[in-house]
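Following the hints, put chain U in place on chain S, whose structure we already have.
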Amino acid sequence: MKQPKKRRFQLSERQLGYAMVAPSIILIAVIIIWPIMLSAWNSLFDYRLNDPAKAERISSLSINLETYADNRYLVYDTMEDVREAMPDAGGALDDITTALDEQHETLLNTDEGLADRYEEVNTMLENFQPVNDEELRLTEVPEEWADGFANTLDEQTAAVQALREGAPEEAVQPLTDLESQLSNTQGSILEPNFVGLKNYTTYLGDGRTWTAMLNTLLFTVVTVGVELAIGLAVALLINRVFIGRGLVRAAVLVPWAIPTAVAAMMWTFLFDGQSGIMAHYMAQFGLIDDPGALLSTGAGGMFSIMFADIWKTTPYMALLLLAGLQTIPRSLYEAAEVDGANKFQQFISITLPMIRSAILVAVLFRALDAFRVFDLIYVLTGGGPANSTESISVYAYKLLFEQQNFGAGSALSVIVFLSVALLSTIFIKLIGSDLFSGRLKQ
Amino acid sequence: MVKRAGVGFYIFLIIFVFLVMFPFIWVFLTSIKPQGEIFSSFQWFSSNMTLDNYASALETRPLLMYMLNSFVVATLTTIISIIVASFTAYAVTRLPIRFKGLILGLVLAASMFPQIAVLSPIFNFVTDAGLRNSYLGLVIPYITISLPLAIWILSTFFIKIPLALEESAKLDGATPFQTFRKIIFPLAAPGVFTTAILVFIAAWNEYLFALTINTDDRWRTIPVGISFYQSQYTVPWGDITAATVIVTIPIVVLVLLFQRRIVAGLTSGSVKE
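These protein sequence lines map, in sequence, to chains S and U.
The first sequence begins at 1 in the numbering used here and counts up one residue at a time.
The second sequence begins at 1001 in the numbering used here and counts up one residue at a time.
Isolated chain S, as found in the complex (with noise of 0.2 Å):
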């Protein structure tokens, strides 16, 4: 008998495993699944980056305090200069003044503590701080303020433009200073940006989304079809005792572990329509008219991204097919050699039910990945020529990044997280068994 030690705490299995399973399952949930759910919140607003009304998802009439703390700065630093430039136009500034002043008092009056909130960031603007929070920098303001403001900005700018009718030659810069920072701080006022599911009506009713669809969706049966056709027929090929099998693997696994834009950019090279060799000869053969086809049309820009996906996954595939024809038992070929079946009759009935889970689980994976295909098509065709060959992600991209427009870019990018939703729990339905088959303890 073992003696009964003092043990330390500890915790029981099942714990243990809840606290071992714990890390992922809040990585997995903090990096994917809440910023796919703010991807679908910021789809509902007109939220655009490069417009300072619209860089923010409003729900209600805001006020920016940092773009009004700033501006109201900056007016009044001009004013000053307007009054050394111009001394008789001190009684037109105090009316400004007065007038900016008595909006200012009744905004600060408008909610509790937004005075205090407005010193805060003025003190962090004076000592050049970000203000990154966005609790702190917008504030709900009531309509009627907002619109007692927008005309008192409307009066005093024409006021200032009255002055400067007649200004001395030195004032007229400052002046146009101050009214294009007056018509500034209307800027801090952000109207409400939620639409709703406007930019999926938008964005549905494109046509250049349907384009982007049908490309990704012609791609991805495309390739994948093409991809376990060859990669079946190279796989049964290769299925024997030869030699230099290891070199063989390695020649086909480099393509498939070379970066895709890698590949994507030799196959630029090897596509071009002056120095490519693949166009030149294609041409020469008389696949295509002149060797330029390839990039600068649209059938041709979809076969060179096609050609290049397939070359690239293919042996891929081929391996995948092949692990799965090692494991059937060759007893079974032999079985049916006595009973007299061919080839062609052992293929259909041994060979294909017996890898059906391998070929179903590589089409799955593939044909995710070709759905949601970006860096390929991003570096060979740019999406082009005439976006004939751009990709649903690539298109989503464009309207992220390239234009600015997160509301609409979220949009798209939630279209295709839904689109690849759908096809792998179609595909799990098929196959669901047998990808948790021996992954389990039971």
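Quick caveat, the hints were computed from the structure, so don't treat them as lab data.
Be careful, since some hints might not be right.
[What the hints assert, rightly or not] Here chain S is said to cover these stretches of chain U; the calculated rule only asks that three of the stretch's residues, wherever they fall, bring their Cβ under 8 Å from a Cβ of chain S:
#1 1080-1092
#2 1110-1122
#3 1243-1251
[Unchecked claim] To give a feel for the contact side, a few chain S residues facing chain U, derived at Cβ under 10 Å:
#4 22
#5 260
#6 267
#7 297
#8 393
#9 400
#10 403
All C-beta atoms, glycine included, are put in the ideal place defined by N, C-alpha and C.
Chain U only, in chain S's frame:
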């Protein structure tokens, strides 16, 4: 079906491997041609071989810096995701917890989601946290790709370890965590290593996050860096082919060294045994 191969088979094999490798061969042959010949002829071999393109590729852009960036980011990603994933894979395959199917289902779903769907929130998050143009700014989003992959592959390796070993460790008084650390983890080391290679390759190859998050030239990773060799007006094919050869070499070495492991890892996800 398993039979000896004849001459015809080897001819087929050579053609197949040649076709697969052709782009690399051609890019390599181009990279050692002088500038003028690249644009004027389709001759396979140049009579005046030169290394000028290589010198130019390393001078025009910080290629070695890109490779260093990719290496650091991919290594950090691999270490973090392997540690976290091996805990989860162990718990799911070995410990008596509930909702295992649900957890694996969640992991599988996470591995299937399109990156574009999380890109803008992650971009905002990384920007707000001041992590643009840093290694961490890429490592965090890369976990979205690598963690599900690692859990999924590791769980197939863990399940193959005989249960008896674990039970005898338990009889000898080992705590579950000690069993994990001293018995299971060493036994699963080959599987862990295989998974690490696959995660590393996936992180090395990632393009979309790297393109949007690290926009400063000094922080670009290799896939993004290569795609920027092309300027708007000229395409310096000499530089590009040379750069491609340089970045391909580490991958070829990796694949040659570990091809057996890589295949084991890839197929473990799809083949039922």
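Tested hints:
Counting residues of the region 1080-1092 of chain U whose CB falls under 8 Å from any CB of chain S gives 7; the rule of at least 3 is met. Coverage of the region 1110-1122 of chain U by chain S holds [criterion: at least 3 residues with CB-CB distance below 8 Å; count 12]. Figure legend: the region 1243-1251 of chain U, annotated as covered by chain S; annotation consistent (4 residues with Cβ-Cβ distances under 8 Å, at least 3 required). Among the interface hints, the one on residue 22 of chain S holds; its C-beta lies about 9 Å from the nearest C-beta in chain U, closer than the 10 Å criterion.
The beta carbon of residue 260 of chain S is positioned within 10 Å of a beta carbon in chain U (closest approach about 6 Å), and the interface hint is therefore held. For residue 267 of chain S, the interface hint holds, the least distance from its beta-carbon to any beta-carbon of chain U being 7 Å, beneath 10 Å. Interface restraint check for residue 297 of chain S: the shortest CB-CB distance to chain U comes to about 19 Å, outside 10 Å, so the restraint is violated. Of the supplied interface hints, the one on residue 393 of chain S holds, with its beta-carbon coming within about 5 Å of a beta-carbon of chain U, less than 10 Å.
Satisfaction of the interface hint for residue 400 of chain S is found here, the shortest Cβ-Cβ separation to chain U being roughly 5 Å, below the 10 Å cut-off. Because the closest C-beta pair between residue 403 of chain S and chain U is about 12 Å apart, greater than 10 Å, the hint is violated.
Comparing the model with each earlier hint shows violations of hints 7, 10; every other hint is respected.
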